[in-house]
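Chemist: Spelled out, the chains give:
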Amino acid sequence: MDDYRKYVSKHYNRLLEQCKVRLDEVEREYPEPREDFQALLKARGISRRSFLKWTGVMTTALMLPPIFKPMVARAAENFSRIPVIWLHFAECTGCSEAILRSSYPNVDDILLETISLEYHETLMAAAGYQAEKCLEEAMEHFAGKYVCVIEGAIPRGLNGQYLRLGPKGETGLALGKRVVSKAAMTISLGACAVWGGIPAASPNPTDCVGASKALGVSTVNIAGCPPNEVNFVGTLLHFIMFGSMPPRDGEGRPLWAYGKRVHDFCERRPHYDAGEFVEEWGDEGAKKGWCLYKVGCKGPYTFANCPHLRFNDHMSWPVMAGHGCIGCTERGFWDTMAPYEKPIQEAAIGGGERTIDNIGIILTAATAAGVAAHGVYTAIRKKDKNQEEQKQEERE
Amino acid sequence: MTKRMIIDPVTRIEGHLRIEVELDNNNTVKDAWSSITLWRGIETILKGRDPRDAGLIVQRFCGVCTYVHYEASIMACEDAFGIKPPPNARLIRNLTQGIWYLGDHIMHFYHLHGLDWVDIVSALKANPKAAEELARSIHPNPWNCSASHYKAVQERLTRFVKSGRLGPFANAYWGNPSYKLPPEANLVIVSHYLDALQISKVAAQAQAIFGGKNPHPQHLVVGGVTCVLDMLTPSRLGEFLFRAKEVKDFVERAYIPDVLLAARYYKDEGLAGIGGGVKNYLCVGGFPLNDDMSSFLFPKGVVKNRDLSKVWPLDEKLITEEVTHSWYEGKEPQHPYSGTTVPKYTGLSKDGYLKGEEKYSWCKAPRYAGEPCEVGPLARMVVGYAAGDKKIKSLVDETLKVTGLPAKVLFSTLGRTAARAIETKLVADQIEPWLNELVKNIKSGDTRTWTYCEVPKEGQGRGMTEPPRGALSHWIKIKNYQIENYQAVVPSTWNCSPRDKNGKRGPYEESLIGTKLAKADQPLEILRTIHSFDPCMACAVH
Amino acid sequence: MEHYVAPLKHWTVAMRINHWAMAISIFVLIATGFLIAYPVTISKGETWLKFSVGEIRFWHLFFGVLLTFLFIWRLYLAFFSRFHADWKDLFAFLNIKDLIHQIKFYLLIEKEGPPHRGLYGPMQSLAYLGLFGLIFLIIITGLILMGAGYHAGITAFIYSILKPVERLLGGLAMVRYIHHVLTWCFVLFIVVHVYMAFWYDAVLKEGTLSSMVSGYMFKKEGH
Ligand code: HEM
Ligand code: HEM
Ligand code: NFV
Ligand code: SF4
Ligand code: SF4
Ligand code: F3S
Ligand SMILES: [Mg+2]
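Chains as they are written, first to last, in my numbering: chain A, 213 to 608; chain B, 4 to 545; chain C, 3 to 225.
Because the hints were derived from the structure by calculation, they are not lab data. Hints are supplied without guarantee of correctness; some may be wrong.
Unchecked claim - Straight-line Cα separation of at most 20 Å, SDA-like style, residue types lysine to any residue; simulated pairs: (1) B:K33 / B:I9; (2) B:K396 / B:L311; (3) A:K500 / B:R239; (4) A:K554 / B:Y455; (5) B:K165 / A:Y242; (6) A:K254 / B:L160; (7) A:K472 / C:R59; (8) A:K472 / C:I44; (9) A:K595 / C:I98; (10) B:K154 / A:F249; (11) C:K165 / A:G471; (12) A:K595 / C:K113; (13) A:K345 / B:F172; (14) A:K500 / B:Q201; (15) A:K500 / B:L240; (16) A:K499 / B:L240; (17) B:K165 / A:F249; (18) A:K254 / B:E440; (19) C:K46 / A:P482; (20) C:K90 / C:D100; (21) C:K106 / A:H586; (22) A:K500 / C:D100; (23) A:K506 / C:G151; (24) C:K106 / A:F249; (25) B:K183 / B:A523; (26) A:K594 / C:E112; (27) A:K472 / C:A158.
Next comes chain A alone, as it looks inside the complex (with noise of 0.2 Å):
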């Protein structure tokens, strides 16, 4: 047990030193912080105490233990010196306004609000020529040092030209790998950029993908349709304390944000577990608040931390409003998790519903009669069998 203290100690003490050296490196070499953090807490009413919890709480939300919550504290100072490119592919802004609506008034909040963004279509003054000026100036001056934040999927069919922008009209597809191959670190945001998400959904008509696949860069997958905005304050921040990517799942997604379903942690779960089910919209079981399983709840098959942070500063989340989980942070959930309303086994394959179960009873009752007649043709025939060989004996 010592042992196993000491070697958890002596990697955390290098984990410790690693950080220190890039955020000294962060302050060296990035540019010049743009707002003063510290007067912005004043100014949104932040005491010390509160922001020192606030660390307190992202140290623990990134899975570290409680030595670097000073090097929380000093990325966080550091926000806005990291240099952010935002890209627009195949997408709805859903995940911007995510995460500009981000939970109010809190540090996240001032955090967003200081991100240093230099490219962001829906945000930005400049159009036109001017605009793409932006763009090559920001890919120019910090080449190797921004963070590229794709939003949406980026379609491949007609080569790239569902989507097109720009003066030149250059397509996403050419555009993004042009972006994402300067880029210190690449966030797909949101389902769309993550696996396609919505304009990928079945017969998946402009044949799109998300960043990972069409660009051939490896992301963060900030999953979700749209993802919480903590998973992605708390990516940055770990970019900014070690210089990489989070420790992340087989699909890319950061593991503290995304280890764990949502059907482990919801408010509704004894309810569950005790048989407690609304049947249908505004029974009375809803109005208690039970367990939304039967009216399609996909938390047990979700990997999410919605039940942990919920949304818009904590006021709220799916199964809160009622409604269940739609598995948003899934992988092609637009497919597998319908229908959004029923139970996953009950699904209609073209038509009517509970195409499985049905298959399976006409089955079971088909080949219950089939063998009952092959019962009844053997007794037949034995019987003939047994007549013959009687009347051969009577022959004899």
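The hints should help you fit chains B and C with the ligands onto chain A, whose structure is shown.
Modeler: For chains B and C with the ligands alone, kept in the frame of chain A given last:
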């Protein structure tokens, strides 16, 4: 000699829009084309799915006006299933949409449209004391108004500029002669630019109380709403009201005064009718005030040729979409029930311009009785005004009186922006009464939030509503319990429409004709007019 | 005149215990499984006093894990049984001539089946091998479903190994769906399997039915 100018990307909007204009020697726009440069094909994706699933899918048309397609789709299903949601559901739907009207319009005015009117760099030169006086000359108690606060904002901006990294404000049109506000006015509005970031979050939180989250709430089902638990929890209603009041306060003390301030300095453009565009206005009815959907906060109807003396009743059969100049297969105008969406991309010309004579946009061309129509806040106010709606008429008249401007000023870029502010006030005033109506209904013992329903084997239906950007309709056809056909005709589809087979321009295009650029290489005036429509391309092409 | 000789030892005790333990497990798993898929709502009573789905899940997992061990044991027997390692017999269906012969026999076209070369006839071998496959798949999908909800211990460890399989199958929802479809395969199997057991017993009078209890079968001998 004319020269062609490309503006792509048009920024500070949702999505991917390209505008091309032809300028004469005088830098005046002679002709214009608007093109949406992304197609996702969600109408195609919907085919063969469970109609009840459509709402959550179509909601992903757009994360900015979020919710509205969800509602329209659910309403289309309710029409097809032949059911009506209970009163509580109608009220909760109005509340969720209403609160986001406030958030969305505020965000549009400050973050998307503001920099067309406001010169940030000029704000650095302002005298904070004078700014305070100016703000107080418009409203007795302006939002977050003090010389010291304005000074702090100025300092923050200065630091920003000094850092040499203007980020989203780089390479813009600062100092362009088309900016008309004095430094103090610029400073006041810029300070609200920052405040508005917070306020739209408050509106989003309020929507999330019923919706579970914003963007993309998740609380509607065919037949009603799911958030019965929140509805029955008094503290949740309290939290909603508390936030709604905060946002309403901002509307009254910042948004409206700032629009009036802008109007003071930009009234000449308004009077000259710059950015007026097509002359027909259409509204399909927004915020039902009763359960049989016969009365709306925004009455439905059509005003033709800017004739405020007559409102034509809306005839759904006259709504069509055609694709002569859009990248789809098809020739004749189609009614949405039998509409098709089959891509046929033909690209740009050799020198990289839109092929204006052929197909040039992913946007379809919706028409009403064959005519292009403007939809949105201005259309709603015009139709409501012409229909003699009391609330709308008195608010519009009052605003005109305060500014001392005639009604014709409405038919302009400025008018469109003002109409948006006016209707924001109209909706803000309605939130509390709706909430009270909800409470009264619950107290009377009616806690229903859902009407039982089943998917019919066959059927069709349409849902119509008025999202922030204008008239929205979803049309669904069901066969064998599945979606056979689904078409959405969206506000920005109306407004961003390309030409039709008769060569009639869409509202964006028409509104640019005659606009003069102060600087040949800076499309500021074009952006101002285009932004006044609050473009949303993900909505328009879905 | 034919007569029956002394019974032959056909199944060892181990095989018999294994078989019936598996049979019971599968019955329980099907029942509890469907109850997990379509849980019964218990409206009355205090939440904290009820644990119906929790209980059903417990028994499902209990028998699921039991089935996993039984299956491993059965594989062990197939390869290392001291009495008769039958893994080769499970490939009896590879003898196509016998296989066709057997099918004809089942369809009552032929009067006699092909000679037994190992423990199983060709169709039996195919059925049981297929069944082993089914059991394997439902165990894998079951372990994934189980691992997804437990974040510590050996379950989590196994889950970390199976995670790529989950991804391959299209995510946890698809795993659950496949698990559900496999359940129907078991239902179908049981109908046929039990019938065949009775049928064999009735037609061949070799004591198939009782062999799984006593371990002995009879061998018909000619004159
Ligand atoms: C009616 C009574 C039954 C008889 C006489 C019977 C007989 C047999 C025989 C002779 C075998 C092949 C031996 C072997 O490979 O171990 C077998 C295999 C099997 N039986 Fe049955 N069975 C019966 C009922 C059931 C039931 C009800 C189930 C399941 C619910 C079942 C599940 C299995 C399984 C899983 C195997 C293949 C695995 C294995 O070989 O161990 N059996 N059965
Ligand atoms: C013949 C064997 C089995 C049958 C027939 C069976 C059947 C089922 C069924 C029908 C379900 C419900 C699926 C749905 O919702 O559609 C289920 C769920 C499940 N099964 Fe099995 N199962 C078997 C074996 C196993 C095994 C071996 C394990 C694990 C070791 C396992 C673990 C689970 C788990 C964890 C669930 C999900 C329960 C939950 O989400 O709480 N099952 N099973
Ligand atoms: N156009 C549009 Fe929307 C709106 N409002 C919706 O229908 O923005 Ni995204
Ligand atoms: S992931 Fe969802 S919210 Fe984000 S862009 Fe795609 S559809 Fe919109
Ligand atoms: S509501 Fe959904 S996530 Fe919550 S316990 Fe029920 S099934 Fe699980
Ligand atoms: S739908 Fe998405 S937001 Fe969370 S609760 Fe489910 S993962
Ligand atoms: Mg459409």
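Chemist: Can you list which hints this structure breaks, lowest number first?
Modeler: 8, 9, 14, 18, 22 and 24
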